[in-house]
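Protein chains in written order, with the numbering used here: chain A, 1 to 281; chain B, 1001 to 1336; chain C, 2001 to 2667; chain D, 3001 to 3267; chain E, 4001 to 4150.
Because the hints were derived from the structure by calculation, they are not lab data.
Note that the Cβ used here is the ideal one computed from N, Cα and C, for glycine as well.
A few of these clues could be false.
[What the hints assert, rightly or not] Straight line, CA to CA, 30 Å or less: simulated DSSO-like cross-link-like pairs of lysine-lysine:
id, chain 1, residue 1, chain 2, residue 2
1, C, K2348, B, K1257
2, C, K2298, C, K2256
3, D, K3069, C, K2518
4, D, K3069, D, K3122
5, A, K142, A, K99
6, D, K3140, E, K4141
7, A, K241, A, K156
8, E, K4141, E, K4030
9, C, K2348, C, K2518
10, B, K1025, E, K4114
11, A, K156, D, K3241
12, C, K2228, C, K2256
13, D, K3262, B, K1040
14, E, K4036, C, K2053
15, D, K3241, B, K1128
16, E, K4089, C, K2032
17, D, K3132, E, K4089
18, D, K3132, A, K93
19, C, K2107, E, K4089
20, B, K1089, D, K3061
21, A, K248, C, K2420
22, D, K3152, A, K99
23, C, K2136, C, K2032
[Stated by the list, open to error] Which residues of chain A face chain C? A few of them, derived with a C-beta cut under 7 Å, are:
id, residue
24, P129
25, R162
26, E164
27, D165
[To be verified] Covered stretches of chain B, as calculated for chain D (at least 3 residues, CB under 8 Å):
id, segment
28, 1237-1251
29, 1288-1294
30, 1304-1312
Here is how the chains run, residue by residue.
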Amino acid sequence: MKTGIYPGCSLTGSARDYNESVFAIAEAFGLEFIQIPDWNCCGATAAHNLNKELSLALPARILAIAEKNGLDEIIVPCAACYSRLVVTQHELKKDPELKNRICEVIEMDYRGTSVILNVIEWIDKYIVPKLEEKIVKPFNYKVACYYGCLLVRPNKILNYDRVEDPQTLDVVMSKLGATAIDYPYKTECCGAGLSISRTDIVSKLSGKIIEDAEHRGADAIVVACPMCHSNLDMRRPDINKYWDTEFKIPVIFVTQAIGLAIGLSPQKVGLRRHFVEVKIS
Amino acid sequence: METTRKLIRKQSLEKLYNILSTTRKVYAPVIASDKQVEYKYNPAFTDVTFDHIRSTLSVKNVVFPKVENLFYYTNKQTESTITDIDLNKIQDVVLWGAHPCDNAAFDTLRSIFCWDITDEFFAKRLEKLVVIGFSCHLSDEYCFCTSVGLTPNSTKGSDILLSRLKNGDYHAEILTEKGNAIVSISPELFESVTNEEAEITSVKQKFNHEQVTAKLATAFENPFWVANSLRCIGCGACAYVCPTCACFDIQDEASGKEGKRYRSWDSCGFGLFTLHTSGHNPRNVQSQRWRQRIMHKFSYMPERNNSLGCVGCGRCSSGCPVDMNIAEQLEALQNI
Amino acid sequence: MARIGVFICHCGENISATVDCGKVAETIGKLKHVAYSTEYKYMCSDPGQTLIKDAIKEHKLTGVVVSACSPRMHEPTFRKACAEAGLNPFLCEMANLREHCSWVHEKNELTTQKAIDIVRTQVEKVKLNSALQPIKVPVTKTAMVIGGGIAGIQAALDIANTGHKVVMIERSPSIGGHMSQLSETFPTLDCSQCILTPRMVEVAQHPNITLYTYAEVESVEGFIGNFKVKIRKKAKSLDEKICTGCGLCTTKCPQKKIPNEFEQGMGMRPAIYVPFPQAVPNRPVIDKEHCTYYIKGKCKICEVVCPTKAIRFDQPDEILDLEIGAIVVATGFDIKHADFFPEYGYGKYKDIIDGLQFERMASASGPTSGEIRRPSDGQVPKNIVFIACAGSRDPAKGIAYCSKICCMYTAKHAMLYKHKVHEGRAHVFYMDIRSGGKNYDEFVRRAIEEDHVNYIRGRVSTVFERDGKLIVKGVDTLLGAQPVEIVADMVVLATAGVANAGAEDLAQKLHVSYDQHKFFAEAHPKLKPVETNTAGIFLAGACQNPKDIPDAVSQASGSAVKVAALFSQDMLTREPLVAVVNRYAPPMYSTCVGCFLCQSVCPYQAIEREEFKNREGKVVKTVAKINEGLCQGCGTCVALCRSKSIDLLGYSNNQVHAEVMALLNEY
Amino acid sequence: MTSLIIRAKELLENKTVQVVIGYEAGPTGVARPAFITDPAKAESLIYDERCVQNLAVYLTKREVKNIGKMAIVATLPVMRSIMMLISEQQLFADNIVVLGISADGKLLDIADNKVMQGYIEKSDLSNPEKYKGLLTEFNKLSPEEKFLYWQKELSKCIKCYACRQACPMCYCTRCTVEVNQPQWIPVKANTHGNMEWHILRAMHLAGRCISCGECGRACPVGIPCHLLTMHLTDQVYNYFKVYAGTSEKMSSVLSTYEPNDKESFII
Amino acid sequence: MSDFEPKVVAFVCNWCTYAGADLTGTSRIKYASNVKIIRFPCTGRIDFMLLLKAFANGADGIIVSGCHPNDCHYTSGNFHAKRRWIMFKELMDFMGVDMNRVTFSWVSAAEGAKWADVVNTTVTKIRELGPYVSYKELVNKSVEEEVKND
């Protein structure tokens, strides 16, 4: 079984903390993966609004390279990238004619054989089985698990978790010793792609997500998407300004929580890169 | 007519064939693409095979085609009119290269078709037929002509019988006036006979047909039939490849007011062969049909037609999909 | 020798304007076996029919071809005419010269030639027609009604009142169905129990009705007029003849914590129980699953306290064999449990309930004695939200269809709430209001205008709890699609009506078809809404699709009329155009080899097995046999049969073959 | 195959069965069906690459059935035939013992039909390799070439019906060709009549053919008539994703349907 | 070839296409007179052998038509027919029989215009294809070919 990783733009930019934590726990659990060579932009979140073929060709090229390199599965930590890759695989499987067209465009052979894993699927498959023996500091906190939109949608294609009340992240967190609170904002919109263009909307939407988590007494919001993280963390000053609040609840990646639980240093899992101070350790 | 013997050289044989095939219909064996040996009208000499043991089908269809129209009819509002087949349109045919067993079968067929009333269609076709037979220099484990009173170079049924010599030339036995007529087309091709010996295969005798016939007289209820026909699947292959099987079915076929009556081959191996309209079938199971087949050839025909219904060509056995080997069974019958 | 008469109709000028009728008659007249060929202006007129009748007698015709309009129009007319002249009506065929020839082609020789071809084809066919006799099937004049809800009750009473016997089977211990659970009914708000219970009693007391409660259909064989039904009477563990229904046992039963099905789980009941006070029959049953004696082997308190010693712990299930002539299926519906919709929080939060639970809550005899109280803390909700279409009309996640009743009962619920909690606020989220029905829309308007129910057009995205309140997040599409958030004390979900659990199983036992949602399928969506594809089995009520009470009752009466019509004859007469499997004398019996692949192509389960036995009684052959009571004559089995052992009367292999030959060849 | 002989002997000796249907070597060395009723004669049973005939054809034959309970040497096609015969009610599972033979010629332990079903499901059910290429090649021909090819081949047919008789699925006691009201198939063996016969045969085997190739092997004049049924087997799988003879409950493709069956030619 | 009048046989079910063709007539929509209809109760009743008989007796084209899926008067006859035609067409294609000459269609009782269209399209196509010579030759020559010296 050869495993590859597709980092996408976020993990090499705004979400280096996420990237560091993914690699840190992979190393701790003795997991290896190969970064897909010569990877390109997945097209999220703009391409599919503009040109369908382009939006399929970009991920198809990534998948084709992975196939060429004999990668049986690909981990895609970014939820947006994950969504684009899976949707592409689905569309091309459904329509062989379209597949042939896309193959012509990317000038590569594409068969659709690689299995695409999101970060939670990867954790479930490789980390959870060995988690218990590795935990040194149970993550004894109340957490609000925030899934965002792209990890579970479109449900018909991803066929992953319960779309309206997902549970997978909650389960992982409870295995770390955390208490996952009943959290109705799990899949509410954070503002996502409007992060740059309409910070006011992001502030409004993300503010509600944070407010409810704080209101319910959560110690942290746990995420598995770089976009969610940046909206809830990096945009916190804007949010507090918009709502005239002083929300202090930290936002951490599930991979960071795992890292901390197995005794990795906050430094090692990238906590220092956060905008909102993470007081838990 | 007294038999005359001649020599015909290898090269002359080709000449003879070419002369015949440019002037009349010659029915000669060729090896088809799928290795089956089949007879064709006027094939090129180079295509004609001289080294086959047996053709897939016998050559009986030159006198007993698998479909023969008997007459045409037209229906009017109140009456029908019948148009007979003009038998005079039946053409001369030279049968080339058939082996002694196949040629002997014409006599057997005659004993059936011209038993009391002459079958005009058969008789006319036989009349128009000249048989240039070739004796066998090859044989295989299915051959058993020697068990039914024939030999690989029997002359029975042939007008001319050719036997190959070691050097590739042929001895020709001119047996009938029809044969003579062939010789007279090109007498120069027929030279004086030499002492050289013909290559004739030897075929082991497997049973004595007279003893078999005698045994069969009391064997009707013998458990042998069931025991030895269990594997028979009841197809008609043996009858259809057989040179002496002569059963046929008569059918009318009409479209609109025009119609015709024809006959086509039938086989006693089929359940339908003896099925009555009532649903009763006197030969209800396969063992009874298998028994009928052997009885007919080795008991009823010797008794009624004064001829044996088998020439030992072995086609029924080699063509059988389930290896119903008639010689093996006759041998066993002889010993029960 | 066949003597065929051919009658060419001009249809005024409809045919003769393009077809040379004289030439057709003349040409056809020359065909073999055509004894008489003529033309006439209007064959269907009285003189035209007389012409045919006279010719039949005069020319001793053995077959008739009327060449006129479509057989779909006048075949019955001409067949009747032939019958009146003494010719078997099935020896008459029609050649369609009008719809298929003169009306669709120009006047020319080709058109006349086509007409000749069409007539000749029918001449060749009719030569092979055989005189057929109508099929007669005896009728057992007892109906069975499956299901004792309002539809079943109505059907049973209507049939019984026509003087025929009815057997009613009800799965639960009492009849009454969902209607008995309802508080009040729209649009009149009259009490459901008050109008239903007299009907229930009438069923129990009707001399023509035999009622079996706590009973289920075990198997159904046979066909219209002649069903053989086995029913399983589940053991009630008591002797109903001795029991007086005093109810002492139910009060003494130590096991009292069983969720009450009748109260939709909102109340508790003992192990020996009567489902509800007005139950018919008013006799308890022991729930073996929960009874301490059946679980642990001791207790028997009910036996001890019973004044008449009616308890029978060792009572077995009983199998009854019934002969039935017609079956009305009225098994009703169920509601979709809302826990498949996690965002609405049903099952997670106590104060989110479904419509039936609200009915029980609003019912005077219900768990709260008719007061609207939150299940979590018993408080009266001040703010209540009703969500219509909870899971309905949602092909993506829920159920694609509209359940039809929810709009109305949601309005009723809101209204009932307002009547009981005057100061409370009621909100209804809806997609569309579907209130078609007599006084229905007025009812909804009343809820909005008089009772001030707040109707919000839009869907709810999620419901969650916060600080003990339910936050209902939705959208108001009439206010510029603004998000709406309502802080509610209680939420009622109007979930979809779905097919009953066990509907599929029952459908298979009855051999009736059902749709993708497991609702029983009607024979024709417009013209046979009460019949099923299996003759003699009819549908009533919500087992076909969700229905309100008036619809269910109307359909029940409709099915009762169908049953009564069927029972009005001693023998059933059917067109004899059915399939037959050939038969021969022994030892052949039939050329059918008994592969029974035909059974799976038959939509009507009309193909049965027939066994032939020898003198020792050993089965020597098993072959197919068509039940002519069930066969509808589609002929799919005929085309499938490899040995050509099945043939279709009226469209026999010989006939259709002759038609092809005649159409393409000169005669 | 000593294990086969031992097993056959055992079955006959303890009277579990009255006859073992297997193969023996004929006098010319050809393997042929054998019907062993005497345990002492079990020694003559063979199993090797010569044993190609589909023995299942005998399971419906009256005289064989009359002997009593049967055991049958069964390669994959025979097992699939048995499944088909059971599903079409020509055979009862209780009446036979299956002496399964694996693809590499080993005796299998087929305790009951479940086991047999398991074995069949594990096996490759598509047409035999040796015919796949032939079918692919043939499908490349133009319609005219195909028409001419079959005319030439079918002109050889003598209507001996060996193809029908050798087929385990052609168990009808009366075949359509024997029906004369109407005369569906001309009695005479001319090319046109032969073609109608072979179309009929292939259609009747559509969804029922288990790809044993017996029809082609049995043909005394060498018509590759098995290609017709095998082509339909391919197409049945192509359209309906099923292979015949996988379970005793199966009903054939042409006697069932799915509302969403796909086709592209009905307008 | 200009005087070639194709012979087209239509095998139709009673409840949909036959009624649809009646509607074509009632609506007075004109179509080619080359087609002649044979009525069956249901497409499920149509034996594939009849199509062969039609070709054997000189038909140049064939139409097979019945109720749309889900509309069958007998609920499922047309579904069975559909499977039958799928197999039949595959076999005919494999044997080189010209299936361009066979039109399969669903024409409901309401589709009078569609029926006219189906007929006209088919007849036009058959006119282009010409008489089905190769099949006619197959049927007519055979006996004479087999009985070489008849």
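Hints not upheld, ascending by number
1, 3, 5, 7, 8, 10, 12, 13, 15, 16, 19, 20, 21, 22, 23, 24, 29 and 30
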